[in-house]
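*Asks:* Residue-level listing of the chains:
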Amino acid sequence: MKRSLFAFLSGGLFGAGLTVSGMVDTTKVQGWLDVFGAWDPTLAFVLGGAILPMILAWRVAARRSTAVLGNALPAPVEPTIDRSLVIGSVMFGAGWGLAGLCPGPAMASLSFGGVGGVVFLVAMMGGMYAAPRLRQRIDQFATA
Amino acid sequence: MIEQDWVFGFVGGLMIGGAAALYLLVNGRIMGASGILGGLVDRSGWSTAAERLAFIAGLVLVPIAVVPFFTTVDTHITGNWAVIIVAGLLVGAGTRIAKGCTSGHGVCGISRFSLRGIVATVFYLLAGGIAMVTARHILGII
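These protein sequences, in sequence, are chains B and S.
Throughout, the working numbering is defined as the position within the first sequence, counted from one, plus 6.
Throughout, the working numbering is defined as the position within the second sequence, counted from one, plus 35.
You may find that some hints are simply not true.
Per label pair, the in silico range of CB-to-CB distance [to be verified]: (1) S:H172 to B:Q142: 32 to 40 Å; (2) B:D145 to S:I173: 28 to 36 Å; (3) S:A117 to B:E84: 37 to 45 Å; (4) S:H172 to B:R69: 45 to 53 Å; (5) B:P47 to S:I153: 37 to 45 Å; (6) S:L174 to B:L62: 18 to 26 Å; (7) B:V121 to S:V46: 42 to 50 Å; (8) B:R69 to S:D109: 42 to 50 Å; (9) S:H172 to B:R70: 48 to 56 Å; (10) S:W81 to B:D88: 23 to 31 Å; (11) B:G120 to S:L161: 23 to 31 Å; (12) S:I176 to B:T72: 32 to 40 Å; (13) B:D145 to S:I153: 15 to 23 Å.
Here are some chain B residues pointing at chain S (derived, C-beta under 10 Å) [said to hold, decoys possible]: (14) L24; (15) G28; (16) I61; (17) A63; (18) L75; (19) L79; (20) F98; (21) A100; (22) F126.
None of these hints come from the bench; they were simulated from the model.
Even for Gly, the Cβ is constructed at its ideal location relative to N, Cα and C.
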């Protein structure tokens, strides 16, 4: 119950932050990516603002053995760059550039994003459903 | 000259980082939007479904309370259905194949100086810029 309560609070603060920062507005995201048009640097302020509290949080996490609710903190990740990391990120970036929405804002804007936003979210979930099989193919190709 | 949008961007960014810090330190989880939703879609995260659904409920419902404080909130998403569907499929599949999106690899990864997070962010920013510029200035479809 406590886990769900804090998950709700965290999701809510995330959604509020995405709305306040303007990241639910595709013109701000595409304005950042459009280096040949009217370039909009807002996204850099958002990412910078988001990274600052997290640098502190990772430092606190490093000194603790468990999270506040008792379960393990995320283990360090092996610094391996594999094919699926690069291919997946390129696919994600291409879709992000075309529509101006990434997964967080796609969910945060559900209530006011209109039919276009709902269609994007449904297509995104379709892509997520297909991803494990695609990933398997990429991994097999990489080792062949 | 600091523009108002940049201030809102920074303040909103602090809120996003605060949310990620809360999820990390209290729940012990990495706040990655694509992972939280994707684990429900492909069933890999059903053992933690309640926590994921609670996060998504907050993410969807709380903006409804925030929106009235702004004069205009609009996603301005394109009206081109083909572009919306292709982009959605690419974002969904790509983030799950790369195991992270802007929140997981970007916010949570870069802040722990993770090589994977930094490399992912470089590639999705480059691909995003190329896709955006090609679609707008060369093809003229968005």
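*Asks:* Now look at each hint and say whether the structure bears it out.
*Replies:* A quick look at each hint next to the structure:
no.	hint	result
1	S:H172 to B:Q142: 32 to 40 Å	holds (36 Å)
2	B:D145 to S:I173: 28 to 36 Å	holds (33 Å)
3	S:A117 to B:E84: 37 to 45 Å	holds (39 Å)
4	S:H172 to B:R69: 45 to 53 Å	holds (49 Å)
5	B:P47 to S:I153: 37 to 45 Å	violated (20 Å)
6	S:L174 to B:L62: 18 to 26 Å	violated (43 Å)
7	B:V121 to S:V46: 42 to 50 Å	violated (30 Å)
8	B:R69 to S:D109: 42 to 50 Å	holds (43 Å)
9	S:H172 to B:R70: 48 to 56 Å	holds (49 Å)
10	S:W81 to B:D88: 23 to 31 Å	holds (26 Å)
11	B:G120 to S:L161: 23 to 31 Å	holds (30 Å)
12	S:I176 to B:T72: 32 to 40 Å	violated (50 Å)
13	B:D145 to S:I153: 15 to 23 Å	holds (22 Å)
14	L24	holds (7 Å)
15	G28	holds (6 Å)
16	I61	holds (5 Å)
17	A63	holds (4 Å)
18	L75	holds (6 Å)
19	L79	holds (5 Å)
20	F98	holds (3 Å)
21	A100	holds (4 Å)
22	F126	holds (4 Å)
Checked against the numbered hints given earlier, this structure breaks hints 5, 6, 7 and 12; the rest are met.
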